Amino acid sequence: MTTLSAPRGTSTLEPPRAVEVPSGGRWYAVRRQLVPWLFLIPGLGLAMLFKFGPMLEGVRMSFYKVQPFLGDEWLGLGNYATVVGDPRFIDALRHTLILAAGTTLGALVLGGLLALLMEGTSRRLWVVRTAVFLPVVTAVAVVAEVWRIILFPTETGFANQALGVLGLPAQQFLSDPSSALLWVMVVGIWTAAPYNMVIILAGLVGIDRVLYEAAAVDGITTRQRLRYIVLPALRPAISVVLTLAAIRALRIFTEVYVLTGGGPAGSTEVWMTRTFSLGFDANNLGVASAASVLLLIATLLLTVVARTLTRRKEA
Amino acid sequence: MSTVDDKLLARAGRRQTDSRFDSALGWQPGFRASNALRFGLCAIVLTIFALPFVLVLSGAFDAQTDSTSLRLTPAVPSLLPLETAISQGVLGYFANSLVIVGGGLVIQIAVAVLVSYALARHRFRGQAFVMLLFLMTMMLPEEIIAIPLSQVIGNVAGTGISLRGTPWGVILPVAVWGFSILVMTEFMKEIPLEIEEAARLDGVGELRMLWSIILPLCKPVLGVATIFGFMMIWDQYLLPLIAADTPDDYTLTVALSLLRTDARVGTGVLLVGALLALLPSLIIYLTMQRSLIRGIASGATKG
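Going down the list, the sequences are from chains A and B.
Residue numbers for the first sequence follow the working numbering, beginning at 1 and rising by one.
Residue numbers for the second sequence follow the working numbering, beginning at 1 and rising by one.
No lab work stands behind these hints: they were computed from the structure.
Check the hints yourself; a few may be wrong.
As the list claims (entries may be wrong) - Interface residues of chain B toward chain A, partial, derived using beta-carbon atoms under 8 Å: (1) A24; (2) Q28; (3) G30; (4) F31; (5) L55; (6) V115; (7) T137; (8) P141; (9) P247; (10) D248.
Stated by the list, open to error - Among chain B residues calculated to face chain A with C-beta under 8 Å, some are: (11) T73; (12) P74; (13) V76; (14) P77; (15) L80; (16) V176; (17) L270.
Just so we're clear, the structure is a prediction, and the values are computed from it rather than from any experiment.
Virtual Cβ for every residue (Gly too), placed ideally from N, Cα, C.
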């Protein structure tokens, strides 16, 4: 019981006030152990019901042929074999990875350039930064709906009219199977770049100005300054950006679902849109669960990898 | 961008003779070629990132029937899209969204406060494991558990209670969010122990300790949790989609796909919906910008 009787915050002040003494030190220690759990009950209960419960149920369903009225039938790894053997899932995996890599890198580079361009104290820069940040606070579905209209593939579409002004030919954008994925990526970059801008801007502001002055004394050029002072100082910020993006990118759903619905001709189908249509349209819950479990495992692995890489850099 | 700006201003206030050292690229004030270039680039950037919002505003008040084109200013200024959108029940979807974001935010923050108080201000067996559990919920977003979650919403924990078609079907699954629990726990750990000890000497119980001692000190982190929680819930798409029983239960963001199918009135109706969906985000953003930037930037400086 001795380990229990040294709760944080009271150790230096014992014995407690007279009110608590009659019930004895033992009861007091037990109570100190019980109290935190009372505060944890709502959170733990909701997490069990709506996070871990569904997760376990999903793992269970992934091993069964799920039939609501006939009873489930054990399939072992059959559902997983179906997922891996499905060419549409393989295509979806390829699209997801291309989209993840392109959006992450594009948004990182653009976010970095925006931060370099708009670092400064003036009121005007603040106004521009505030406006540029709007895409981040806008719901993804709204962003996607608006871009779907802007990128309308006719001559009268806004983007095509803008291209016309610049003397460029009209594009099919999201309706052309060969370019649709690229345009989904462009919208993704447009949404994510301002967020990265703020992270990188915070990193830029944190750089000690003495370094710049010392480097100027040594006659360093701006390019060298970026290469040898700014870039190394931004490493933590960049690793945060990459970790966040990599985890989010794999489960991309809303953008694609609203912009293209996975089309045209499956050219933008990603892992989650394929899983969604299998689970909710085709009602093939077993296979869809197996695909979800695979996504969960991939996300967990990516998180662990990203965490270890970040830690190594800190050490 | 306030916190970043505060730092920038503090730096500018320091006796700094050479503005070449104020930014990474060494921007300097005054009329020079580099500033003309910077002005031009800022104008392009502003166009790319802000123009779509101007198009939404203009299109929402434009009665032209061409369903493809957008203009900077309405071709036929009118309230017709607004009236049509209202007749199509856009206010109902908006109300669904507000109920869900209001209820969800209150419960999400309440849960996070209670959990964080236990994790940050108490010591108990299994503490590290409990923290790990809550961190793991971040690995289980709605997308990954969508299929079984849809079943759970229809039959909670085998009790036969169905949340389908009620706001609870969206509110309860978003109530536990690892992010807000994490930032709040980290913040509460920083509160000095002396404050708590002094209160305990005065005989303050656990609930009053949380409510009148700890919570008032947590205002900054409550702001961060509020704006991030709002954005997280307002952004939900898959969850309201699977929790809905009929399209009447859709939130505004999901219902946009219903508004776009109406070809008679052009894109105006959809853009009215988009504008309505934008308004709360804008209000929250402009009033709580400081908290938002603080939340984003805290990750960057910690590494």
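How about L270 of chain B: closest beta carbon in chain A under 8 Å, or not? Since the shortest Cβ distance to chain A is 6 Å, the answer is holds.
Status of the P141 of chain B interface restraint (C-beta, 8 Å, chain A): holds, 6 Å
Next item in the hint list is Q28 of chain B. Is there a CB on chain A closer than 8 Å to its CB? violated, 10 Å
Proposed interface contact between P247 of chain B and chain A, which counts if any beta carbon pair is under 8 Å: violated, 15 Å
Agreement of hint T73 of chain B with chain A interface, Cβ distance less than 8 Å: violated, 13 Å
Quick check on F31 of chain B please, does its C-beta sit within 8 Å of some C-beta on chain A? violated, 15 Å
Tell me if T137 of chain B is really an interface residue toward chain A, meaning its C-beta lies closer than 8 Å to one of theirs. holds, 5 Å
So, A24 of chain B near chain A? Judge it on the closest CB pair being under 8 Å. holds, 5 Å
Evaluation of the interface hint that places L80 of chain B against chain A, nearest CB under 8 Å: For L80 of chain B, the interface hint is violated, since the closest Cβ of chain A sits about 18 Å away, which is over 8 Å.
Restraint: V76 of chain B near chain A, CB-CB cut 8 Å. Satisfied or not? With Cβ-Cβ at 15 Å, over 8 Å, it is violated.
Agreement of hint V176 of chain B with chain A interface, Cβ distance less than 8 Å: holds, 5 Å
Quick one, is the G30 of chain B hint okay against chain A at 8 Å, beta carbons? violated, 12 Å
The structure fails to meet hints 2, 3, 4, 9, 10, 11, 12, 13, 14, 15 from the earlier list, while all remaining hints are met.
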